[in-house]
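K.L.:
Sequences listed follow chains A and B, in order. Taking our numbering, the leading residue of the first sequence gets 1, the next gets one more, and so forth. Taking our numbering, the leading residue of the second sequence gets 1001, the next gets one more, and so forth.
Just so you know, these hints were derived from the structure itself, not from any lab. It should be emphasised that the depicted structure is a prediction, and the values quoted were computed from it without experimental measurement. Here a beta-carbon is modelled for each residue, glycine too, at the ideal position from N, C-alpha and C. Be careful, since some hints might not be right.
Not the full set, but computed from the structure, chain B residues with beta-carbon under 8 Å of chain A [stated by the list, open to error]:
(1) Y1041
(2) A1053
(3) A1096
(4) A1099
(5) L1108
(6) I1123
(7) V1126
(8) P1127
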Amino acid sequence: MMRRVLNALPAVALLMLLLGAWEVYVDVGSVDRLVLPAPHEVGAALWNNAGVLASNLRPTAEEVVLGIMLALASGFALAVAIHLSPVLRRAVYPLAVGSQAVPIAVIAALLIFWWGFGILPKLAVITLICFFPVLVTTVDGLAAVDPEQLKLLRTLDASRWQAFRFAELPAALPAAISGARIALTVAVIGAYIAESQTATTGAYAGLGHEIDADLTALQTPRAYAAAVVLFVFAIACFYTLALAERRLAPWAHRSRGEVR
Amino acid sequence: MNLWGNAREGSNVQIQLEPARPPIEDVSTAAVSVAGVSRAYRERGGMRVQALADISLHAATHELLAVVGPSGCGKTTLLELICRLQAPDAGSIECAPAALMPQHDLLLPWLSAVDNAALALRIARVPRTRARARAMELFAELGLKGFEQAGTHQLSGGMRQRVAFVRTLLSGKELLCLDEPFGALDAITRAEMHAWLVDALRREPRTVVLVTHDVEEAIVLADRVAVLSPRPGRVVGELEVGLERPRSRTDPQVVALRERALMALGRESGR
């Protein structure tokens, strides 16, 4: 426990330093407080709007968590397909790269047309943004399996499927989760984009929607407070995934040096 | 590389692309007969490399044939031909299905030692508990007791090679192809492993083709030693060892045979 606290110390110290600099900049600078509120104002907004922000975190968190899971599943499945079929690789990979360049606004109306105002179009946006890092890391993870390993399995009469199951699948698993960790940071931005681009109904429409509404209403401190919630949420998700990776693929974290 | 492209599922087929020479002697259960085999491959730059040229070898059932040669003389290619991972350009290979023990142990880090050893059984769809039980029997017999549940990262280099060898044994194949299995070990561990292998093969007799660049290792372990030339690999000498096991490296007869093998090697590489 004590060690955990000590481990977190550098991050906390750096955060304090940055917050201090921000406070000083706002207090002595000429920047309009409607453009940049001081940290203490953001803190106050956070405190005063805790209920609203928590209610708005719920839909956003759902979108991000489900979106990442969908991205992990679809990215992994596509990577396996690409790995096993050179034809699919040539067919799909360029399109997958291109899909990352499509501005969401272009297809937002289409997504609403297909799936309405609920969570589905938002999940589609987040999955679209997040499957790509998973795809790339998983394809690389699958390709990194030693060809000698596959030859060995072949002489042990493994079928193609068994070679995949015994050697390639476990090798690709930590790679896929690493991809998801990269994707996670963009997933939060993805949730914001999804909420601002696709229309929403209901009282609490998510933190992204809240930010948009607050900025329009010149409620800048509350917009910043919502951003802080996203910031903390992203960190929490990142370390949850790191923990999951350690649990699911402990071999990937052992030192490579062998005891001789 | 397409290992599964035209899969010949481990059957006892023989690869024959040219009219075969008559087999040298018995091609019974577990003998190996390599007759006039050549193999070339294209390197990345498009250069054609002749790995093996008109090579002929024979190992009788439960014999240990060592193949010695300088680095890059096509020894690994030879084993891959015997294991049917490649097909020869010319010549014929007649042998039972072979299991390969590669240069690096290639243990799977996500499996325990005993599960790595039992891999071939799991591939043959033997239920997990029965597969483990059979691997554990061999662990006990071959001095690996107590390491069944160890992770691969907890094993020493010698231990890893032993587990890899048990994995090869449990493939159920009568013919084992060992590709420089002890090359990465220090001298002391290697000597231990030699004694261990002799003992293991006494308990579990198999036909073995052992590839090595270590002449001494070949003489200490093998019934017969084939000396290969630098690339393209050809057989430039064959020695019958015929000494009692276990053999000592300092035994005058071993030393004499080693000198003969080195001479055959040296003549070829022009030293």
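K.L.:
The structure should be examined with respect to each hint, and the outcome stated for every one.
P.N.:
Cross-check of the supplied hints:
Checking Y1041/B against chain A: minimum C-beta separation of about 14 Å lies over 8 Å; hint violated. Checking A1053/B against chain A: minimum C-beta separation of about 23 Å lies over 8 Å; hint violated. At a threshold of 8 Å, the smallest CB-CB gap from A1096/B to chain A is about 12 Å, leaving the interface hint violated. Interface restraint check: A1099/B against chain A, minimum CB-CB distance 5 Å, threshold 8 Å, status holds.
The criterion of a C-beta within 8 Å of any C-beta in chain A is met by L1108/B, whose closest approach is roughly 7 Å, and the hint holds. Checking I1123/B against chain A by beta carbon gives a least distance of about 5 Å; that is within 8 Å, so the hint holds. For V1126/B, the interface hint is violated, since its Cβ never comes within 8 Å of a Cβ in chain A; the closest pair sits about 12 Å apart. For P1127/B, the interface hint is violated, since its Cβ never comes within 8 Å of a Cβ in chain A; the closest pair sits about 15 Å apart.
Hint compliance for this structure: hints 1, 2, 3, 7, 8 are broken, all remaining hints hold.
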